[in-house]
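A.B. asks: Sequence:
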Amino acid sequence: MRRPFKEHHLIQVLNEFEEVQIPLDAFLSKYLRRNKAVGSKDRKYIADSAYAMTRWRGRLDDGEKNPSWEKRFERFQNFSYNKDPTLEPHVEVSFPKWYYNQIVKNYGEKAKEICLISNQQAPTTIRVNTLLIRRDRLLKKWDETYSISPTKESPNGILFHKKINFFATTEFKAGYFEVQDEGSQMVSFLVDANPGEKILDYCAGSGGKTLAFAPSMKETGQIYLHDIREYALLEAKKRLRRAGIQNAQILTPSSRQKNNLIGKMDKLLLDVPCSGSGTLRRNPDMKWRFRKENLENLITEQRKIFEESLKFVKKGGKIFYATCSLFKDENELQIDYFTDNFPVKLVRMEGWLPQEGGKDGFFAAILEKL
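Residue numbers (the working numbering): 23 to 392.
Treat the hints as calculated values from the structure; they're not laboratory data.
Since the structure is predicted, the reported quantities are computational estimates derived from the model, not experimental observations.
Be aware that one or more of the hints could be misleading.
Per label pair, the in silico range of CB-to-CB distance [as the list claims (entries may be wrong)]:
#1 Asn88 <-> Val369: 29 to 37 Å
#2 Glu135 <-> Arg56: 37 to 45 Å
#3 Tyr103 <-> Tyr359: 34 to 42 Å
#4 Asp358 <-> Tyr168: 39 to 47 Å
#5 Lys105 <-> Pro365: 49 to 57 Å
#6 Gln142 <-> Trp164: 40 to 48 Å
#7 Arg263 <-> Asn216: 38 to 46 Å
Under the rule of at most 25 Å between Cα atoms (straight-line distance), these lysine-lysine pairs were calculated in the BS3-like manner [claimed, not checked]:
#8 Lys220 <-> Lys280
#9 Lys220 <-> Lys240
#10 Lys350 <-> Lys391
#11 Lys184 <-> Lys163
#12 Lys185 <-> Lys260
#13 Lys326 <-> Lys220
#14 Lys333 <-> Lys286
#15 Lys195 <-> Lys163
#16 Lys391 <-> Lys326
#17 Lys286 <-> Lys28
Every residue gets a Cβ at the ideal spot worked out from N, C-alpha and C, and that includes glycine.
Take these sequences, add in the hints, and give me the full structure.
C.D. replies: Given below as structure tokens:
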């Protein structure tokens, strides 16, 4: 049977995605760039369906001995979530058994609720760049154009109730905002960056959290962005320029300047690589690919990053350890390890579970170097 055009591409996307090791959003972007004949409406259908089928893959596979994306698609046509006590708990909420048990281990009876929220579509949130414009002005400017509301906790966030092409807007090109989850914004605000400080964002990636806390430094002091992924730092450089942030420098792993920064930093931000278990709404494929050995490797890597970066902090300086993980092995238990093995003390810990229609799951701890 010959499938309609958009269904053909949907099945093609899901089958090809099985063979690669990149996130679903990145693969979709590459696929659609290759297939320019796919129009905007079909693109939306393909993306929304691919995400939904990936989220609910466990339910779509129930009872199937040899599941395929073609069979999953046939079931997906009439699928809607319903409670079914006859199913094993991990199947009912469409999670791999090991992953579900890990959430139960950490949160007990809340596990099912966390999984169901993680299967929802992620909210679309931006953060206003207060160096260039106030949130109230942008809200007023957009009020009659978009369906929006201010975020509940972040003073600089705006929640979009319908998706738009942000990157084509004049406001984005002018540097007025960046797309950033409210939870990520709240982690950035914990840094409490002040004018004149020296801050090292050690796992900076493309600079999302630096972009959030930099405006409060009033264009004084110095921010250093470091990462082992030089392609991510190139993107950070572009974003900093667009946002009008001038008190920031890029540090590659081979930068000679790093030796001059030892013992000089007032603050160190460690937004470390993690399981991403708090952001599964955005990356539903991760739950099917994640393994216990991945968690063990991440724990080792997080400890290594903490050890190698601590030397940059001056005595009395603050370390901000953050993950987008729900697992205590990467969060509270890591803080126990750091305070037991390094000259640091815990000042404060914060954790957020994924919220329905709200922020993603995050963890953050503030430590002080003794």
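A.B. asks: Would you list, in rising numerical order, the hints stated earlier that this structure does not obey?
C.D. replies: Result: hints 1, 6, 7 and 17 break, sorted rising.
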